Structures are given as C-alpha cells and as structure tokens.
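Chemist: Starting from the given sequences, assemble the full structure and let the hints guide the process.
Chains as they are written, first to last, in the working numbering: chain A, 12 to 160; chain B, 460 to 630.
Simulated from the structure, these hints should not be mistaken for laboratory data.
Be careful, since some hints might not be right.
Said to hold, decoys possible - Residues from chain A that face chain B, not an exhaustive set, calculated with beta carbons under 7 Å:
(1) Phe-60
(2) Ala-63
(3) Gln-65
(4) Gly-96
(5) Thr-97
(6) Phe-100
(7) Phe-117
Just so we're clear, the structure is a prediction, and the values are computed from it rather than from any experiment.
We treat Cβ as the ideally placed atom computed from N, Cα and C, and that holds for glycine.
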Amino acid sequence: MELHTIEKLVEKYFSGETSIAEEKQLKEYFSSPDVAPHLEQYRAIFGYFKQAKQEQFTKTVPLQPRKRSYVAWISVAASVAVLSGTLYFMNQLSEQPNLNQDLGTFESPEVAFQETQKALQMVSENVNEGVKSIDYINEYNQTTKTIFK
Amino acid sequence: MNQQEFVNLISPFKDKLFRMAKRLLVSTEEAEDATQEVLVKLWKNNNVLSNYSSVEAFAMTMTKNYCLDQLKSKRASNLQIVHNNYSDRTASVQKQIEDKDSWDWVEKIMETLPEQQRLILQMRDVEEYEFAEIAKIMEMSETAVRVALSRARKEIREQLVKKHNYGITYN
Chain A
12 MELHTIEKLV
22 EKYFSGETSI
32 AEEKQLKEYF
42 SSPDVAPHLE
52 QYRAIFGYFK
62 QAKQEQFTKT
72 VPLQPRKRSY
82 VAWISVAASV
92 AVLSGTLYFM
102 NQLSEQPNLN
112 QDLGTFESPE
122 VAFQETQKAL
132 QMVSENVNEG
142 VKSIDYINEY
152 NQTTKTIFK
Chain B
460 MNQQEFVNLI
470 SPFKDKLFRM
480 AKRLLVSTEE
490 AEDATQEVLV
500 KLWKNNNVLS
510 NYSSVEAFAM
520 TMTKNYCLDQ
530 LKSKRASNLQ
540 IVHNNYSDRT
550 ASVQKQIEDK
560 DSWDWVEKIM
570 ETLPEQQRLI
580 LQMRDVEEYE
590 FAEIAKIMEM
600 SETAVRVALS
610 RARKEIREQL
620 VKKHNYGITY
630 N
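Modeler: Structure below.
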C-alpha cells in the first residue's frame with residue numbers, strides 16, 4: 012500500500028475519524044513485516060489490538076437457577092405426596108380396629124349392672140385362687156419364728 | 460427460550476463481554492466472575508430478551524455497569540484488585556519477545572486511562588464496533604464518543620513515544 016495514504020490514515024486515526032474499514036487497513040499494514048521506520052512506533056498499538064481480540068472466555072456459564080426451581084417444585088410435590096399418603100394410611104389404620112373392638116352394649120342399666128357384677132365376681136374368684144397358692148409363705152414365717160425366738 | 464437457544468444466542472459475544480470486563484477489572488479471574496454474573500442475569504431475564512433489538516448491546520451495557528459497580532465497591536472498601544496475568548515469556552524468539560513487550564506496554568498504558576476512554580477504545584479498536592453502537596452502550600452522544608476515542612488514542616501514542624525515546628522499562 013502507498014506510504015502516503017497510510018500516513019494520512021494514521022493522522023485520521025488519531026483524530027478519531029477513521030471508519031472501521033480504514034482501521035482494518037491500518038491493522039493489516041502494521042501486521043505486515045515491512046513497516047516504514049518512522050511508523051514503526053505505532054506497530055505496537057495495532058499489534059496489541061489485534062492480539063487483544065484473541066482472548067476468550069473459557070469458563071462455563073452456570074445456568075442453574077431455572078433447573079434449581081424445577082427441582083424445588085419436585086421436592087414440594089414429593090413431600091405433599093408423602094404427607095397425604097401417611098395421613099390416608101393412618102386414617103385407615105385407626106378406623107379398622109374401631110370396627111373390630113365394638114363389643115356391643117346393654118339396653119337397660121339393670122342388666123348392665125348385673126353383667127358388671129358377674130364380671131367382677133369372676134375376677135375376684137380368680138384373684139382369691141391365686142392368693143391361696145401363696146399361703147405357704149405364712150407357713151414359712153411361722154417355722155422361722157419357732158427357731159429364732 | 461431453552462438453555463440451548465440461550466447458549467447459541469450468547470456465544471457470538473460472550474468473549475467480547477469477557478474482554479470488556481477484563482479491560483476494566485484487569486484481573487482475569489475477576490473478569491471471568493463478572494462475565495458469569497452478567498450471563499446468569501441475562502438467563503434469568505431471558506423471557507424479556509426478545510424485547511431488546513440488540514441483545515449484544517444490552518449485554519455490553521450490563522457488563523459495563525456491573526464492572527463499574529465492582530470497581531466502585533472495591534475502591535470504597537479500599538481493596539485493590541490483585542492480578543498476575545503477566546505470563547513469563549521464556550524460550551521465545553527475540554522478535555516475539557520485543558513484540559509482546561511492547562504489547563504489554565500498550566496494555567499498561569490503557570490501564571492508566573480513565574474508564575470511559577478504556578471502554579471506548581476496547582469497543583472500537585479491539586471489537587470494531589460502529590460509533591452508533593458504542594454511543595448506545597455508553598449512553599453518550601456519537602460526537603462525545605469520537606472525542607473521547609481521539610483523546611485516548613493520542614494519549615497512548617504519547618506515552619508510547621515517551622517510552623521509546625527514553626528507553627524506560629515499565630514494571
């Protein structure tokens with residue numbers, strides 16, 4: 012390229028009047044091996060700009076937020092399911108024994124009284140029977156008394 | 460918009476966001492975090508993205524604002540962003556070393572520029588945006604963009620010439 016035009020372009024460049032195309036021309040010129048000696052000082056500028064464009068963003072972008080809210084909703088749904096499941100199960104459990112333990116009832120209080128008495132009688136008889144079998148302890152006490160008087 | 464569509468949408472310009480973030484924040488790690496943050500924000504708002512004529516310009520504006528906020532809070536808490544991006548250049552050809560060296564100079568000179576000029580320079584000379592686009596992203600008029608750009612370019616030239624003339628090495 013003609014040196015004259017390059018000089019003009021450089022001048023325009025520093026006053027901020029070059030177009031993108033002209034700046035590309037300059038970059039091209041200054042990256043070529045034969046730059047005029049008096050323009051050598053500008054080589055670093057254009058070389059740097061060209062090199063600065065090579066740098067890349069290598070880090071991965073964590074696009075988590077959306078996924079995270081999705082997971083959060085799944086956990087909410089799961090906990091609701093578990094809760095309602097256990098509630099239903101508990102209800103079923105507490106209802107079934109009620110049906111089986113229904114032992115009936117008496118119509119008149121008198122009959123109820125008699126039945127209760129009968130039941131208590133039976134209990135006391137059984138208790139007495141049990142008490143009889145520990146009478147021998149008294150026997151034991153008596154014998155020790157006769158020895159250690 | 461599903462995840463795949465979103466990735467396809469951002470892939471043409473995600474590097475540009477990163478480079479712009481790095482221009483402002485200097486540290487690669489900080490810039491990566493900032494880019495990630497901006498992209499996640501975009502993803503969260505992806506149902507309204509279709510309302511924007513240019514998602515790229517919108518994303519660039521978001522990145523710019525996010526990074527400026529970052530810088531502001533860092534300064535307020537008196538913290539400096541620590542960076543060690545300057546790789547060592549062993550076993551390289553002499554010429555390449557020289558080139559890289561002067562590129563590092565340009566980079567360091569750019570770091571000394573005001574944030575606004577840095578951004579405009581980044582978008583124009585690195586990403587090759589049109590003035591209208593830059594004006595939109597920066598929320599400035601086109602003339603103001605041109606003026607700032609010219610100032611930034613001249614400042615770089617001045618600093619660079621100084622270094623060449625005095626042979627000062629920059630650390």
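Chemist: State for each hint whether it applies.
Modeler: Do the hints match the structure? See the list:
Because the closest C-beta pair between Phe-60/A and chain B is about 5 Å apart, less than 7 Å, the hint holds. A distance limit of 7 Å between C-beta atoms decides the matter here; for Ala-63/A the minimum to chain B is near 5 Å, and the interface restraint holds. At about 9 Å, the closest approach between the beta carbon of Gln-65/A and any beta carbon in chain B exceeds 7 Å, and the interface hint on this residue is violated. At its closest, the beta carbon of Gly-96/A sits 34 Å from a beta carbon of chain B; the interface hint therefore is violated under the 7 Å criterion.
Here the hint on Thr-97/A is broken, as its CB sits about 37 Å from the closest CB of chain B, past 7 Å. The beta carbon of Phe-100/A comes no nearer than 40 Å to any beta carbon in chain B, farther than 7 Å, and the hint placing it at the interface is violated. Annotation: Phe-117/A was flagged as interfacial toward chain B, and the flag is violated, the nearest CB pair being 73 Å apart, outside 7 Å.
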